[in-house]
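A.B. asks: Residue numbers (our numbering), protein chains in the order written: chain X, -12 to 322; chain A, 470 to 953.
Since the hints were made in silico from the structure, they are not lab data. Because the structure is a prediction, the values reported are computed rather than measured. Just to be clear, a hint being listed does not mean it is correct.
Claimed, not checked - Quick look at which bits of chain A chain X covers, simulated, 3 or more residues with Cβ under 8 Å:
| # | region |
| --- | --- |
| 1 | 773 to 780 |
| 2 | 801 to 811 |
As the list claims (entries may be wrong) - From the derived model, a few chain A residues whose C-beta atoms are all more than 10 Å from chain X:
| # | residue |
| --- | --- |
| 3 | 501 |
| 4 | 550 |
| 5 | 572 |
| 6 | 685 |
| 7 | 690 |
| 8 | 703 |
| 9 | 710 |
| 10 | 953 |
Stated by the list, open to error - If you anchor each label on the Cβ, the simulated ranges turn out as follows:
| # | chain 1 | residue 1 | chain 2 | residue 2 | range |
| --- | --- | --- | --- | --- | --- |
| 11 | X | 92 | A | 549 | 54 to 60 Å |
| 12 | A | 828 | X | -1 | 38 to 44 Å |
| 13 | A | 844 | X | -9 | 26 to 32 Å |
We treat Cβ as the ideally placed atom computed from N, Cα and C, and that holds for glycine.
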Amino acid sequence: MQRTVRDALIAVAVVFGVGSLAMLLAHVSPINGFGALLDGALGNPSEVAETLLQTTALLFPALGVALAFRAGLFNIGAEGQIVLGGMTAGILGVALPLPGLLLIPIVLLAGAAAGGLWGGLAGFLKARFGANEVIATLMLNTIALLLATYLIGGPFKQPGAGAAETPPLPAAAWLPVIIPNTRLSISFILALALAATLWYVFRRTVFGYELRAAGDAPEAARRAGIDLGRTAFTALALSGAIAGLGGATIVMGVLHRFNTGLSPGYGFIAIAVALVGNLEPLFIIFAAFGFGILQSGAIAMQAEANVPRDVVTLVEGLVIIALAGRRFIVERRTA
Amino acid sequence: MAEPALRLRGICKRFGAVNAVDGVDLDVFAGEIHALVGENGAGKSTLAAIAYGAVRPDAGTIEAGGTVGLVHQHFQLIERLRVWENILLGREPRAGLRIDRVRARAIVRELSERHGLAVDPDALVETLPIGIKQRIELLRELVREPAVLLLDEPTAALAPSEIDAFFLNVKALAARGTAVLIVTHKLAEVMGYSARVTVMRSGKLVARFATADTSADAIARAMVGGEVPALAARAPTQLAPRLTVRDLRSGAGAGALGGVTFDVAAGEIVGIAGIEGNGQTLLADAIAGVVPYTGEIALDGRPLPSGMGPAQRLESGIRIIPQDRRHEALVLDWNIVDNVALGRQRDPPLRSGAVIDRAVAQRYAADVIERFDVRPPNPQAIAGALSGGNQQKIVVGRALAGTPRLVVAYQPTRGIDIGAATLVGSRLIEARNAGAAVLLISFELDEIFALADRVYVMYAGRFAAEFARSAIDRGRIGALMAGG
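Input sequences plus hints: build the corresponding full structure.
C.D. replies: Next up, the structure:
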């Protein structure tokens, strides 16, 4: 709890401290810059809805990354898992002639399965050959992106379209909107429910207990009958499935078609979100909202205060370094 | 009397709500070996750290007539560096920007000859046996010519013969004028080698003795603050075949298990005496199912093949008290409740469907806390914050919960105080009385003699001899342990 508060304070300090510094270097008053950012993110109901949309897009992969972290595994492949989840949803959403009530859950699950396959592949390499999951998930990102680019530029390309993207989804595959005249869909509710589910899984279930044991003390866990290889595989597969589900919700709720630009790095920012939330699903909701504000206010900040939106990318990167770096230093010291 | 080389007055140190050291005065004189004894958490290590300057006291004064050196309980060597690099770390002789290796080796050689502590300056530390590593620890402090040398549980990892050799060296140091303060809980060493003894309990200094005028019993009573509890009585048991091991081999090189054959019956404690590194670790790990092996292990006639992992062995009633409680047994970031549940998380009634029943987990933890007198008796306490003795009580308590069929206890009382060690020993005897088979692996002969019904002596991965409890011959066993 103390640590959660401290990490959140570090994140806020980095965001405002470094952000102000960057704005000063760009000859902009930080008050104007952050004012424009907050106004752009929370200024009126439709902007709040956009911010919640960004929150949702970050929350899925952040929960996935957190699940892997709890098992002692660093999944930096959420970006690729989002892409494959989104692609699968984009292709199946068009191809399956089903009514919405069936189509939506099936396509969502297929997106999760695609992400899970990608995460599980890294998990299999780890369990079977002892391959480092950081390298495996990182490299699988590139493969995922190139695979998606090839498939939608070739076999699944929209006939006659100039851009590499799938045909638009039929309305039956669109996720229902929960606030009229905005793009905020039930995916937001789904993400919150998933966070609550994970909270319960970590706290109460045998599976969550074994996952945490494997992450916190692998040798003690192994001697207590916990199969570390199987746990690594399951954790990375589930982690990928959650990120893949997030990718599917972007396609079905926001873009209504798939193209490879569906994620501006959600899978990477998710690492910062998970760490700021101290890997606790319920805190991660708030961390995702904080980063959602940054994501959604960045464009307004650029337009109205003339602050390059790269400032947001910069502070997000620094939050990752500040928190992930510290976590690894602590681990090395206690190892 | 001469001025003391180390003079502590009114030392106080609090950690949170705990008075770790509470108004202690202590003098150590040049040329004497002074023993500082006390149970776990009595404050003796904290006092040593204060004398060394690593911990700042809240009150009190420290005066030392020269440099103070400290040899830690756990080796602080860099395994991948050579002996001379370790000894001279931070004070290497230089030739321009480079280290003057020739002079460095000469310094180490001279130091090692002067103190009679033979080491090869060029050996890689990771290749050396524990006794030699202890010598290097000592030499590293001696480079600084300390007037006062503090030794914190220096023999915890040494074999009996190595302990004797170590103390001969310490005695020689003292004879040349060094003031030596030894922090220990081993009374045999106190009686054998110290001139004076200071006893601490709960942060306070409770007794001072001249070693020649006192007895181990009197020191123990001062440490415990009353009579030392007696071990549980051994009840007559009906022996029935339980564990059978045939030509068990595992590993290669030093520490390999080179083919052992033995049985442990239900209702008996079989002790494995030996010096660390003679195959005991692989013996325990093979039975635990965490290393591959050849040969046969069977429980109640049912074979346990090499590939069978810990989960199935736990299920068949095997409980292991592993060597390294911090890494192999506990999740240090977790509380007592979650740690006590570890290993039983899939067994009803703890598991109820897919969920862990928290009421059952609480009950399990409360049982262990009560039966083993865990302090603090707070189930929510984090394992990593407990003293070593209390951590060990949790590990042993977890292993002995329910009705284990076979208990493999690896150094079950390592680093824990007399009271806790007696408690652990008693619980092992009670498990035996109740029909468990107990395999006790220990480097401390006293522990084996106190608990075991039969003793095997292990040397170089094999059994050198077997002794019944009635026929135990301490001198013969000590010689066999050393390969004689």
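A.B. asks: Provide an ascending list of the numbers of those earlier hints which the structure does not satisfy.
C.D. replies: none
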